[in-house]
Each structure stands twice: as structure tokens, then as C-alpha cells.
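Visitor: Sequence:
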Amino acid sequence: MFYIITALKSEAQAFVEKYKLTKTALNGFTFYSNAKIKLLVSGLGVQRAREATQTLINHFDITDEDVYFNVGICAANTLYEIGDVLEIGSIIYEENSYVFDTTKKEILCLDEEANEEKYALVDMESFGFYEAVIHSPAIKDFKIIKVVSDHFEPESITKDTTKALINKAIKELF
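Numbered according to the working numbering, the sequence shown spans residues 3 to 176.
Since the hints were derived computationally from the structure, they do not count as laboratory data. Glycine is no exception: its CB is placed at the ideal position from the N, C-alpha and C atoms. Keep in mind that the hints are not guaranteed to be accurate.
[Stated by the list, open to error] Ranges of calculated distance between the beta carbons of each label pair, as one might list FRET restraints: (1) Tyr100 - Ile64: 14 to 24 Å; (2) Leu175 - Ser99: 17 to 27 Å; (3) Lys142 - Ala37: 16 to 26 Å; (4) Lys170 - Val69: 27 to 37 Å; (5) Glu19 - Asn98: 17 to 27 Å; (6) Asp143 - Ala37: 18 to 28 Å; (7) His137 - Thr80: 32 to 42 Å.
Starting from the given sequences, assemble the full structure and let the hints guide the process.
Guide: Shown next as C-alpha cells:
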């Protein structure tokens, strides 16, 4: 089973359309599913991502074959191109570093939107997802996948652009 957390409905829509997911609700979150995928839309921020991920963990039995994903957009400096699909291997949150795969990219997780290009990669949810999955010993496999959506210009992001970027990630990774 694939368990997926997205922050935004527009991020989820790419999965909904490609995999014909059915919409319901789960503990106050928008929930989409089929026989192989369970997807929850968390909303923005670390706390919401943590709560949504924990909801999935608590609600479904975990098997060794299950993979938990946090998929979404992120801001990046101009060393990255819009549309780059990145697998994250470490997170910096509140000046602490959390490394889980040294071969992958590092992301800074903030509790608010970043408007400064001094950071390499920034999002608002990865640490909440990470914190929930890392404290569940039954979870054997998790991935954080981010797609570069902008160069610290959040006002330039649209729902349609977000959906298209996530579609690209699906084609490359799933």
C-alpha cells in the first residue's frame, strides 16, 4: 500500500485523476483512496502534516510492504530549475538536522513561507511527516519527494501549475 500525505488539494489532484481515487473524510482531513493508495490532504504546516501522517498510521494496519510518502512542492534557489523532482534525505528544522539518507538532498522546513533566496530548498511540511513516521517502528520505508515550484516567489504558484508539477513527479517516481 502507498500512503501519501500532501499539503494541498492541488497536489492531491494529480494522484486523484491518475489513480481514480475516491474522496471521503478521515478524522477531519480530506481523504482519497483506492485499493492500493491512501492519500490524506494535511493542509499547510508542520503540525498539520504531523497530525495527518499520524492519522494514517493510527487508522491502517502497517505491513512491511507499505511505503509512506510526503509529496509536494517546495521553493528553491536558482541552482534548481522549476519542475526539478527531488528526493529528500535530510531535514533542517528549528536549527536541528535530521539525516535519514545521506545520498539525497537536504531541505529546510519552516513554519512559514520563505521569501529569501538564501536557502537551497524550503518547504513547510516535511518535518511533521518525518517526525510521525520515524516514531512508528512498524514503518520500514518512507520517502519525501519535493518538486521545485518557484524561486522564493510563492505568489507565482497557481493550483494548475502545482497539479502539473506533481504530475511530473508521478511520472518520474511512481
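Visitor: Confirm or reject each hint.
Guide: Verification of the hints:
Against the hinted window of 14 to 24 Å, the Cβ-Cβ separation of Tyr100 and Ile64 comes to about 21 Å, which satisfies the hint. Roughly 24 Å separates the CB atoms of Leu175 and Ser99, a value that falls within the hinted 17 to 27 Å. At roughly 21 Å, the beta carbons of Lys142 and Ala37 sit within the given window of 16 to 26 Å. Here the CB-CB span from Lys170 to Val69 is close to 19 Å, at odds with the stated 27 to 37 Å.
As the Cβ distance of Glu19 to Asn98 is approximately 37 Å, the hint placing it in 17 to 27 Å is violated. Remark: the range hint 18 to 28 Å for Asp143 to Ala37 is upheld by a beta-carbon distance near 19 Å. Under the hint 32 to 42 Å, the C-beta atoms of His137 and Thr80, about 36 Å apart, fit the expected range.
Violation of the numbered hints given earlier is confined to hints 4, 5; the remaining hints are satisfied by the structure.
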